[in-house]
Structure formats: C-alpha cells, structure tokens
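Undergrad: So the sequences go chain by chain: A and B.
So in my numbering the end of the first sequence lands on 526, straight run, no missing numbers.
So in my numbering the end of the second sequence lands on 606, straight run, no missing numbers.
No lab work stands behind these hints, which were simulated from the structure alone.
Keep in mind it's a predicted model, so treat the numbers as computed, not measured.
Just so you know, even glycine gets a beta-carbon here, dropped at the ideal spot from N, CA and C.
Check each hint, because a few of them may be wrong.
Said to hold, decoys possible - Among the chain B residues that face chain A by a calculated CB cut under 10 angstroms, a handful are: (1) R385; (2) G386; (3) V421; (4) E463; (5) G491; (6) Q526; (7) P583; (8) G590.
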Amino acid sequence: MGGVVGGEARVRPDLSPAPLILAESTPGPGPSPSEARDADPAHPTPVRSAPPANAVTQSVSEQASTGRAWRLAPPEGASTYGPQVDALLERSHVFEAGLAAVMLAWLVLAVWRFRGARPVVAANGGTRRSRAWVVGLAVCVFIGVDGTLFLGSERYAREVLWNLDVPAKDSRTVRLEINAHQWSWEARYAGEDGRFGTPDDVVTWNDLRVPVGVPVWVQVVSTDVVHGFSLPAFRVKLDAIPGRVNQTWFQAAREGTFEVACYQHCGTSHYRMRGLLTVLSEADYARWLREAGRLATQAYDADDAAAHWGWEWRAP
Amino acid sequence: MRAGWVRALWTTDHKQVARQYLWGGFGFLLLGGLLALLIRWQWAWPGQPVPGLAWALPESRGALTPPAYTVLFTLHGLVMIFFAVTPLLFGALGHFVLPLAIGARGFAFPRLSAAGFWAYAVGGALVLASFAVRLGPASAGWTSYPPLATPAFTPGVGQTLMTVAILCVGVSAFSYGLNFVVTVVRCRAPGMTWGRMPLVVWGLFYGAVLNVLFVPVLAAATLLLLLDRVAGTQFFIAGAAAVGGGGDPIVYQHLFWLFGHPEVYILILPAWGMVGDFVAYFSRKPAHGYRLTAGAMGAVTAMSGLVYAHHLFTSGLSPVLGRAFMVLTLLISLPAEVMFLNWLMTLWRGSVRLTSPMLGALATMIVFGLGGITGLVLGAVATDVPLHGTMWVVGHFHLTMGAASFLAVFAGLYFWFPKMYGRALHEGLAKAHVLSSAVLFVGVFGGQLAAGYAGQLRRLYDPYQYTYLKPLLPLNQWTTACAFLLGASQLLFVGNLVWTLWRGRAAEPNPWNVGTLEWTCAASPPAPDNFATVPVVLRGPHVLSQPDVQQQLGRDWMGQAEVAPLGGTE
Ligand SMILES: [Cu+2]
C-alpha cells in the first residue's frame with residue numbers, strides 16, 4: 211500500500227566524507243518552495259522578524275554573513291507554541307546568568323579583598339546566624355530560580371507538550387505516522403479516507419508536508435535502532451524506539467521549509483539522517499495530499515510486505 | 037627475580053595501588069584527550085585530513101571518516117569516564133588519601149584494592165586491544181544503547197571487548213567502593229568521629245556508597261547487553277529488529293541511567309570534598325557550616341538515584357513520571373546551593389592564600405557552578421526538550437564532570453603530591469597550569485553551550501549537513517582553537533611532573549600547614565603501614581587561626597591528633 215511519492219529516495223549514505231550540500235531534497239508534486247513563501251496575510255508570523263525560511267539556501271547565506279551564530283539564540287522558530295518555551299528558556303538564562311555573575315563576583319571579591327589578610331577568629335563552622343543566612347539564601351535562590359522554571363515548565367507541559375487534547379479535539383488535525391530507519395524518515399499519511407492501512411496511504415521519505423496553522427499529531431516508531439525525531443524549528447523532540455509508539459504534536463505558524471533531524475546516535479550515517487518538512491497553505495496541502503493519494507492508489511501493491519508498516523491510529 | 041616482579045606489581049599497599057591508578061589514569065586521560073581533539077578537529081574542519089593521522093587512516097589520507105568518527109566519540113566518552121576520571125579520583129587520590137586521612141594503617145581489604153586495580157588494568161588492556169580488531173573498536177556511543185549496540189547493528193568484536201571492559205571497571209569500581217565504605221565505617225583511628233573527618237573523606241565515602249549501590253545496576257545492564265551480543269538473548273531487542281524478540285530497548289535506558297546519573301555524583305562528590313577542605317585550609321579558617329556541608333553532600337547522595345529519568349524526558353515518559361522526575365531533579369539543586377554558599381562563606385573574611393591547590397579548588401568551584409547552573413534548564417521538562425541531545429547538554433556535563441572533576445584531580449594532586457612522592461612540584465608551573473586550564477575549559481565548554489543553544493545536535497560527524505547549523509562553523513572553529521590550546525597547556529603539567537620526579541626538591545613535611553593526619557602523623561612518603569603509632573584524634577580537620585593555638589604553639593594550625601599544651605580546641 212502506498213507508493214513512494216515526492217522527495218528523494220531513501221538516503222544511501224556512502225562512507226566517505228560528504229561534501230556540503232545545501233538542499234539535497236527536490237520537492238515532488240506541489241508548490242515549489244518559492245511559491246509557498248509566506249504570502250498569506252491571514253497567517254502573520256508570530257515569530258521575530260525572520261527571513262522566509264523556506265528559501266533554505268538563501269537564508270543560510272544571509273545568516274552566515276550576519277554572524278547570527280554569535281548571538282546566543284535558539285534556532286529560528288516556526289511553531290505556534292515555540293515562542294512560549296523560547297521565552298521560558300530566555301527568562302531562565304537571564305536568572306542563571308545573574309546567579310553566575312553574583313557567584314563569580316562574590317568569589318573574586320572575597321579572594322581579592324581577603325588575600326593574605328590578617329586572620330580573623332572564626333567560630334568552628336560559623337555562627338548559628340551565619341548558617342541560618344546560608345540556608346535562608348539557598349532556599350530563596352531555590353524558590354526563585356527553580357520555582358520560576360518549574361512553574362513555567364509545568365504550564366507549558368500542561369498546555370502544550372503533553373496536551374494531546376488539542377490535536378484530538380481539532381477536526382482539522384493532520385495525523386502522521388513516522389517510521390525511523392537507519393538513516394531516513396519514512397512518513398505515512400492516511401490519505402483522503404482518513405484511515406491508515408488503506409491503499410490511498412501516502413508514504414514519503416525524508417519529506418514531511420504539513421498545512422500551516424493546523425495541529426499535526428505525530429506518532430513515531432523505529433524499525434531498527436533508537437532514533438530521535440526532532441524538528442528544531444518547532445522545538446519538537448521525541449525518541450523513535452523499536453517496539454513502541456511515541457507521540458507528540460506541533461503546529462506550524464508559518465509556511466516554509468524546515469529540517470528534520472535525528473538526535474540519537476543511530477550508527478555511522480546518523481549525521482545524514484536529515485529530512486525536510488515543508489509547511490504549505492491548507493489549500494496547497496489538500497491538493498498535494500489528493501494528488502499523492504491518487505498516485506499511491508495507482509501504485510498500490512498488495513504483495514509489497516515492506517510497505518505495510520502502518521498501524522491503525524490509536525490515541526491512548 | 038620473577039617473584040620480585042610479581043610482588044612489585046601485586047602490591048597491597050594502598051599508596052602503591054594509588055600510584056598505579058595514577059599512571060593508568062593519566063595514560064587514559066592522554067588517550068581520551070587526544071580523541072577529543074580529533075573530534076574537535078572534525079567540527080572545525082570537517083572531512084579535512086588531520087596532520088599526522090595518515091598512518092592510521094590511509095584510505096582517507098588522514099581525514100576522519102564517519103566510522104572513524106563514531107569510534108572517536110564513543111571511545112572518548114567511555115575512556116574518560118571509566119578509565120580516566122573515576123580511576124584518578126577514587127583509584128589514585130582516594131586510595132592514597134583515605135586511609136591516611138582517617139588514621140588507618142591501610143584499607144579494610146588490602147588485597148581487594150590490588151585486585152580492583154588489576155580488574156581495571158585488564159579492562160584498560162581490552163580497550164587498547166579493541167583498536168586492533170577487525171571492524172574496529174566500539175562505536176555505539178558511550179551509552180551503548182541497544183539495539184544499536186547489539187551485533188545486528190554493531191557487529192565488530194570491538195564492541196564486545198568494550199562491553200567486557202566495562203564489566204571489568206565495574207568490578208574494580210565496586211570493589212574499591214565496598215573497600216572505602218567498610219574502611220571508613222570500621223577502620224577510623226580512635227577519636228576520629230564522623231564529625232571530625234575531613235570533607236574529602238566525606239566526599240569519597242559518599243561516592244563509594246554510590247559505587248556500591250549503582251555500579252551493580254550498570255553491571256546488570258552491561259551483562260544483559262553482553263548476553264544479547266554473544267549468547268543470542270533478546271533482552272533489549274524489540275519490534276521488527278528481532279525475530280520474535282520480546283525484549284525492550286527502553287529497559288536498558290532505565291538501567292543505564294539509574295547508574296549513569298549517580299555516576300555524575302560519583303565523579304563530583306570527591307571533588308566537592310576537596311573544594312570544601314582546600315577552601316578552609318587556604319582561607320586559614322574552619323570550614324563554614326561543616327556539618328551542613330557534609331549533610332548537603334549526603335542529601336545529594338541520597339537523592340542521586342531518584343533523578344535519573346530526566347535523561348529520558350524525550351523517551352516518551354508518561355507525564356506523571358515526567359513531573360515527578362522534574363520535581364526531584366530541581367530539588368537536588370537545593371543541597372548543592374547550601375554547599376556552594378558554605379564554600380563562599382568560608383572564603384569570606386578568611387586569610388586567602390592562592391596556592392596551586394587553592395587555585396584548583398577555586399577553579400573547580402567556578403566551573404562546577406557554571407555547570408550546575410546550566411543544568412537547571414535540563415531538569416525541567418519543557419526547557420529540556422529543545423536542548424535535549426544538543427551540545428548544550430555536552431557543554432553542561434563537561435563543565436561539571438569534565439572540567440570540575442579534572443580541576444579537582446589537579447588540585448588534589450598538587451596538594452598531595454609532596455606526600456605521595458616526597459617531592460615538591462613547582463608552584464609557578466602548577467598555578468599557570470590550573471589557571472590556563474580553567475580559562476580554556478570555560479572557553480571550550482562555553483562554546484559548546486552556545487552551539488547547543490543554537491541547536492547543534494551532539495555526535496554529528498558533519499553538523500553542517502543541516503542547513504540551520506551551517507552558520508555555527510566559526511563558533512565551532514573558535515571552540516576548537518580553545519580546545520587545542522587547552523591540550524597544549526597540559527604540557528605545563530607534564531613538564532612539571534617530569535621535572536619534579538627527575539630532580540625536584542624534597543618536600544617539607546607539612547608544606548600547606550594543615551592539621552590533618554596525613555600531614556601531621558605520617559612521613560612523606562608514608563611508611564608501608566602509614567603511621568609509627570596509630571594516632572588518637574582529638575579534634576576536627578580545620579583548626580586554623582585560633583587565637584589560643586596561636587598563643588600556645590606560635591602557628592595558626594593544629595594537628596588533629598596533636599596534644600595541646602593547654603586543653604584542645606574542638
Ligand atoms: Cu537516527
């Protein structure tokens with residue numbers, strides 16, 4: 211069921227040092243990246259003024275020349291909910307930088323001021339008062355820094371990260387089954403009938419396509435070793451483990467092309483386990499899925515056992 | 037002749053065992069460091085031939101290939117953790133100082149010390165041998181996650197040899213852990229109460245407890261993995277990878293991290309102990325909140341096994357577990373803060389002497405502080421997700437386990453070397469080494485933190501395959517430059533060591549003017565049974581700058597077993 215549609219064929223890694231290739235995936239049917247640029251005024255980008263990220267090669271050269279790397283910043287975001295976690299990270303980094311600065315300043319000041327100073331009588335272990343200060347200060351720092359981090363993290367986890375109610379309750383939600391291999395991402399779409407395991411299932415290799423502004427519900431497995439499914443631009447990360455189905459979800463805030471990366475060491479060509487995720491307008495996505503499903507139905511081969519890895523969608 | 041050889045190698049004198057561990061540990065430190073430099077080379081100049089490496093990789097004319105690179109980062113991690121840092125901290129410094137510092141004539145089980153070293157040596161030999169086997173050494177990452185670490189995906193003998201080697205160091209670590217615990221509990225000199233032990237003894241004791249508790253967990257995981265490799269079992273093989281396999285790869289991850297997280301504390305607890313002591317010694321002031329610090333270290337020890345699953349936040353952990361481990365992980369930072377503030381309070385209003393061990397201790401404090409702070413965001417679920425598996429994690433744990441542990445090893449060595457070899461190292465060289473190492477450690481691992489925050493995933497042979505990582509090339513080159521300078525600055529240490537052993541001056545009996553038993557009751561180097569007579573301990577380890585002591589003895593310190601002319605200071 212499901213022919214291979216769009217994208218490149220499965221990566222065949224050679225073991226020689228690879229040349230740097232800018233964009234190795236050629237999109238299949240559907241709008242080319244330049245057509246899909248965020249031209250839709252209905253979807254203003256909530257992310258900081260970012261260059262159109264779908265023009266991958268172009269934005270790369272821009273970034274390289276502006277020296278973006280020297281700014282301590284997470285990868286360019288494209289997710290509706292990503293800014294929340296980015297803000298939390300940034301806030302905690304400010305706290306931590308403050309802590310580090312105070313620690314360093316105290317240390318340097320103490321060493322500078324008391325270097326070779328005349329010894330002062332000190333009670334063994336300090337006084338009850340000085341120890342109370344230490345404990346009190348530690349508790350305050352703990353409550354302030356760890357507390358902020360905990361509350362922010364807990365809120366994000368409750369509202370976004372672990373809240374599968376959002377994709378479950380949204381009728382527009384796109385469901386996606388991903389099977390990780392050494393060394394590529396095989397993705398399965400249910401096709402127009404909405405059911406997995408039927409002849410119109412669309413299967414792609416290293417080529418994910420999702421509509422903008424719609425929850426995308428992903429379930430991942432692995433056929434061989436442990437892989438790590440990650441969408442850096444969407445702050446998504448989840449292990450792909452043989453024998454179990456893991457799930458997560460995200461929602462694209464804007465159109466463009468982004469990268470799918472593997473973050474668990476999965477063998478020699480781990481570094482080439484790269485896919486592309488293209489965010490399309492809802493209409494373009496529907497058009498692509500319809501066409502791809504039609505081609506898949508035509509190419510359907512009931513005897514091709516390797517192609518039958520999809521599972522009946524189950525939400526626990 | 038032959039018997040003499042065997043006797044010399046099979047020594048049960050803890051000081052000799054310590055020296056053996058010291059040289060073994062430094063040997064593997066050199067190996068692990070060179071592997072690290074090769075990894076750094078690859079990230080700065082991907083695929084470019086490494087000068088001088090053509091003999092090892094003739095087909096690529098010295099350029100690192102992906103298989104060579106996977107070997108590099110796998111071996112670097114394994115060698116550094118199991119064959120360099122732990123053996124240096126526990127094997128060398130721990131074996132040397134623990135019996136002396138508690139007034140024991142040796143370990144409770146002297147032959148176990150020797151057997152432990154030989155288990156380590158066999159493990160080390162297997163690691164070295166694995167370079168010579170077909171398909172090369174281990175390459176499944178230091179964590180050796182199955183199914184990748186099973187023969188279906190890593191068929192080489194090297195991976196099997198490494199699995200056995202880890203079992204060997206497991207035996208070694210368990211044996212000295214057991215030995216340390218029993219020795220501290222049973223063999224303390226009269227009067228050496230728990231409240232009078234130097235903080236470094238506390239650190240070694242807690243670390244040893246963790247070894248006893250959690251190394252068997254590692255051994256279990258490794259043994260099951262070995263069975264999967266050689267006996268055809270399927271403990272960790274599931275799904276399509278197995279022919280009817282009923283195992284589960286995630287079970288290995290839980291077992292591995294149930295050891296792997298406490299291992300972080302195994303490495304850092306002795307370092308904490310040294311910092312606590314050295315800061316007191318060289319501020320000429322009793323350690324602030326001694327009991328509080330020992331208690332905080334105990335609290336961290338007690339909690340260390342309860343936080344492990346924050347390594348698995350992205351493994352599909354259920355929200356209930358995720359929350360529980362987030363809370364526990366954040367909680368463990370509280371005792372660490374208490375301990376840190378105690379160190380800072382000890383410095384305050386002291387009489388600070390910037391000796392080389394003190395510089396080492398201060399540097400350890402700084403890099404450990406930075407490492408600890410950068411770990412907070414990895415303890416919370418939401419912020420862990422974007423940073424998980426990135427160089428941020430690498431920078432964080434290298435600051436705590438790498439930089440902090442190594443600086444503590446050097447601080448400890450600079451401190452005890454006169455006792456160990458009876459010769460004094462060159463202070464100026466030692467200080468230059470500690471300072472340059474600390475600055476460059478922050479440069480290297482700070483660069484890694486920055487790269488990780490910008491999204492660079494760890495373990496990528498060529499990060500620039502990813503478009504979004506291409507702009508990080510200059511940052512990585514800068515970090516690599518720091519790493520090479522760091523490597524070069526270690527020559528200051530090697531030169532110092534060689535020069536001192538060759539023609540260094542004899543050390544004074546108590547160069548640091550401290551009162552602990554090894555300095556006040558034993559010769560330098562100590563006799564085979566340590567003490568002429570077993571000392572009777574009268575007071576704590578940090579009696580410094582007390583006015584009555586000053587008045588009676590004309591110096592600002594007092595031996596732990598010294599009978600004072602007029603009463604004693606507790
Ligand atoms: Cu992978």
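Undergrad: If a hint holds in the structure, say so; if it does not, say that too.
TA: Structure-based check of all given hints:
no., hint, verdict
1, R385, "holds (5 angstroms)"
2, G386, "holds (5 angstroms)"
3, V421, "holds (5 angstroms)"
4, E463, "violated (15 angstroms)"
5, G491, "holds (4 angstroms)"
6, Q526, "violated (25 angstroms)"
7, P583, "holds (6 angstroms)"
8, G590, "violated (14 angstroms)"
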